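Just so you know, the protein sequences line up as chains X and B, in that order. Following this note's numbering, the numbering of the first sequence begins with 1 at its first residue and continues without gaps. Following this note's numbering, the numbering of the second sequence begins with 115 at its first residue and continues without gaps.
Treat the hints with caution; some may be incorrect.
As a list, the in silico BS3-like pairs of lysine-lysine whose alpha-carbon atoms are at most 30 Å apart [claimed, not checked]:
id: 1; chain 1: X; residue 1: K19; chain 2: B; residue 2: K163
id: 2; chain 1: X; residue 1: K9; chain 2: B; residue 2: K215
id: 3; chain 1: X; residue 1: K22; chain 2: X; residue 2: K41
Beyond 10 Å from chain B on every Cβ pair, some chain X residues (computed) [stated by the list, open to error]:
id: 4; residue: V12
id: 5; residue: F42
id: 6; residue: V60
id: 7; residue: G108
If you are wondering where the hints come from, they were derived from the structure by calculation, not from laboratory data. Just so it is clear, the structure is predicted and the values come from calculations on it, not from any experiment. From the three backbone atoms N, C-alpha and C, an ideal C-beta is built for every residue, glycine too.
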Amino acid sequence: DTAVSQTPKYLVTQMGNDKSIKCEQNLGHDTMYWYKQDSKKFLKIMFSYNNKELIINETVPNRFSPKSPDKAHLNLHINSLELGDSAVYFCASSQRGTGTYEQYFGPGTRLTVT
Amino acid sequence: AQSVTQPDIHITVSEGASLELRCNYSYGATPYLFWYVQSPGQGLQLLLKYFSGDTLVQGIKGFEAEFKRSQSSFNLRKPSVHWSDAAEYFCAVGAEGTASKLTFGTGTRLQVTL
């Protein structure tokens, strides 16, 4: 029954590795997002997809590549992981055109790069 | 570009006391304003939102917030805090036309003493 789910919840890996985080929403929303929360709890948007089309791409290194196979899924692949990538990554979803714009967040994935 | 300031990094209140968390935003037009709460190790939960109309909005868990355009503020209040309210609180702003992009404040950590 989880509205926005992410896997894995925890991810520990070494520098230089490639990893993926998966996100799924069952709310029927057409827009999904990835946010990064750093060690100081600051939340910053990374990407947003609407109907599988990239609509927001903040200044994120191109080692980060989002992929949206369908409206309900938005995955995040990270190449050549660096220490600075350690953070909590949140997926979120919303429905455009409803005038409400509220976003629903997943539980987060804590990525630790050693 | 929109921005959000939460001047208080950390607030401690006694259980049963009233609470006010401050939020100031910067945006030239009508903002869309949100308060989210993040419990330890959890994702973000929407407490309340403001888009238009009545400037005093009610949310879940007994929270309310008041939009004051003249002060560019959207402060969160609760008349009587419960120990379970201890969490991190985030104010966010979305701009009309780009409301799918939320800009978050740095958060206020609320500690509740018994």
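(request) Could you tell me which of the numbered hints above are not met by this structure, giving the numbers in increasing order? (result) 1, 5 and 7
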